[in-house]
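J.: Read off the chains here:
There are 2 protein chains.
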Amino acid sequence: MARAAISAVTGEVSDSSDRMLQILSESSRLFATKGYDGTSMRDIAEACGISKSLLYHHFTDKDEIYARIALGSTQRLFEFVQDRLPENATPPERVRAFMVATGDYFQRHRSNWIASTAAFWSDPELRRHKERMMWRDRYEGLLRQLIQDAIASGDFRPVDVPLTGRLVLSSLNWMHRWYKPDKGLSPGQIADSYFDLIFNGLRGR
Amino acid sequence: MARAAISAVTGEVSDSSDRMLQILSESSRLFATKGYDGTSMRDIAEACGISKSLLYHHFTDKDEIYARIALGSTQRLFEFVQDRLPENATPPERVRAFMVATGDYFQRHRSNWIASTAAFWSDPELRRHKERMMWRDRYEGLLRQLIQDAIASGDFRPVDVPLTGRLVLSSLNWMHRWYKPDKGLSPGQIADSYFDLIFNGLRGR
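From first to last, the protein sequence lines stand for chains A and U.
Counted from 1, the first sequence has number 1156 at position 114 by our numbering; the numbering is strictly sequential.
Counted from 1, the second sequence has number 1070 at position 28 by our numbering; the numbering is strictly sequential.
Hints listed in this document are in silico derivations from the structure and should not be mistaken for laboratory results.
For each residue, glycine too, the CB sits at the ideal point set by N, CA and C.
Some hints here could point you the wrong way.
[Unchecked claim] Under the rule of at most 30 Å between Cα atoms (straight-line distance), these lysine-lysine pairs were calculated in the DSS-like manner:
#1 K1172(A) with K1172(U)
#2 K1222(U) with K1172(A)
#3 K1094(U) with K1225(U)
#4 K1172(U) with K1076(U)
#5 K1104(A) with K1225(U)
#6 K1104(U) with K1076(A)
#7 K1222(A) with K1225(U)
#8 K1076(A) with K1222(U)
#9 K1094(A) with K1225(A)
[What the hints assert, rightly or not] Some chain U residues flagged as far from chain A (calculated, every beta-carbon gap over 12 Å):
#10 K1094
#11 H1100
#12 Q1117
#13 D1125
#14 A1131
[To be verified] Derived DEER-like restraints, expressed as beta-carbon distance ranges:
#15 A1194(A) with N1242(U): 31 to 41 Å
#16 R1061(A) with P1204(U): 41 to 51 Å
#17 R1061(A) with N1242(U): 30 to 40 Å
#18 K1076(A) with D1191(U): 40 to 50 Å
#19 T1102(U) with R1245(A): 45 to 55 Å
#20 D1238(A) with E1121(U): 47 to 57 Å
#21 G1183(U) with K1225(A): 17 to 27 Å
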């Protein structure tokens, strides 16, 4: 499970040594807890139990490590979610599946998610930022399409599609600020409960 | 309006000179756009059009400026929202008022909000952090009470109160990540639309 999470960080298990995976995993954890600015190459080397020179043998600098973590992370979220949409399900069930899959992805790659989110809106590398925004737009676009489908089928009332998409994504994206592992519901279960609240509403009578 | 926003930053207009207010306002803006780490005392002095020595005459260091911005910001949000809950309204209307008031507060104090949020979860000063968490808990507790009241009156179905509160707060808290001023709905209107979506649900038939 930990191994699966790591392989998703690189996306190229077969090309990467165990050492590379360990460095990326420990770096994600450090960036998530101490922030990018608060993490030094020395911290990363110590967390991996290796010398700084061995660390520099693998990566030129901290930014290169960060780039490996961040690049493709939104693309993989998009693909992970898309792969988990049931073909033969009602439109609302597909919206639910989108939400639960995002929760599951968050749970599997929490450190990577937090590290990537922290720098998402202020990524200094323009090309990298643009690529992530493109995948972010595809991810959000997929959700809007699912909502649109549910309206077209009559399963949803004719709500504002972008605003409804924002509400759904806000509920999922804010989880990284308060969710504590090993306590209560899993992120996938929380996403499932959010779907129930939003779909059925709060109205009692 | 700008002046009102500034006075809310300090909470003590009568004790503070215009210069102090200007420094706090410009610092909020810089922290919100460049981050705390990315903002220097030189940047703040330049933004205010004053010398560094005059800046140091008012504040010992950057942390003291930050403390003035962050301290009390959650308390003021709580009080702002509490003051705007209509006495003679149905429980659902009070939940709606809570959401709209939070949106209005966000709009009035956006820079301060963003600057405070960025450091909320990693405030190095433990006492300050505890005080903010206490007000945060009161703010969230107020919302849970409103939800509980709406369930008790039968206006809401018997939903999970903490989870419903999380959903509401997520929708409002995530706004600082995507909201662009002077484009489309105001934050208060967005909060109002979110209430409609969550209260009435998406179900079409």
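J.: State for each hint whether it applies.
T.: Each hint tested on the structure:
1. Simply put, K1172(A) and K1172(U) have alpha-carbon atoms about 38 Å apart, too far for the 30 Å limit, and the pair is violated.
2. For a cut-off of 30 Å, the pair hint linking K1222(U) to K1172(A) stands: about 18 Å separates their Cα positions.
3. The straight-line distance between the Cα atoms of K1094(U) and K1225(U) is roughly 37 Å, outside the 30 Å bound, and the hint therefore fails.
4. Taken as a hint, the K1172(U) and K1076(U) pair is honoured in the structure, with Cα atoms around 26 Å apart against an allowance of 30 Å.
5. Between K1104(A) and K1225(U), the direct Cα distance comes to roughly 37 Å. Violation of the 30 Å bound is thereby established for this hinted pair.
6. A hinted pair counts as satisfied when its Cα atoms are at most 30 Å apart, and K1104(U) with K1076(A) qualifies at roughly 20 Å.
7. With a CA separation close to 35 Å, the supplied pair K1222(A) and K1225(U) exceeds the 30 Å bound.
8. Restraint check for K1076(A) and K1222(U): the C-alpha separation of about 29 Å stays at or below 30 Å, so the hint holds.
9. Taking the CA atoms of K1094(A) and K1225(A), the gap is near 37 Å; set against the 30 Å cutoff, the hint is violated.
10. Residue placement check: K1094(U) keeps its beta carbon more than 12 Å from all beta carbons of chain A (closest about 23 Å).
11. Residue placement check: H1100(U) keeps its beta carbon more than 12 Å from all beta carbons of chain A (closest about 26 Å).
12. Non-interface call for Q1117(U) relative to chain A: holds, since the shortest CB-CB distance, roughly 20 Å, exceeds 12 Å.
13. For D1125(U), the condition that its CB be more than 12 Å from all CB atoms of chain A holds, with the nearest at approximately 24 Å.
14. Its beta-carbon lying about 16 Å from the closest one in chain A, A1131(U) satisfies the requirement of being farther than 12 Å from that chain.
15. Under the hint 31 to 41 Å, the C-beta atoms of A1194(A) and N1242(U), about 19 Å apart, miss the expected range.
16. Range check, R1061(A) to P1204(U): about 43 Å between beta-carbon atoms, so the 41 to 51 Å window is met.
17. The beta-carbon spacing between R1061(A) and N1242(U), approximately 54 Å, falls outside the hinted interval of 30 to 40 Å.
18. About 42 Å separates the C-beta atoms of K1076(A) and D1191(U), a value consistent with the hinted range of 40 to 50 Å.
19. For the hinted restraint 45 to 55 Å between T1102(U) and R1245(A), the CB-CB distance of approximately 54 Å keeps it satisfied.
20. The hinted range of 47 to 57 Å is not satisfied by D1238(A) and E1121(U), whose Cβ atoms lie roughly 33 Å apart.
21. Under the hint 17 to 27 Å, the C-beta atoms of G1183(U) and K1225(A), about 19 Å apart, fit the expected range.
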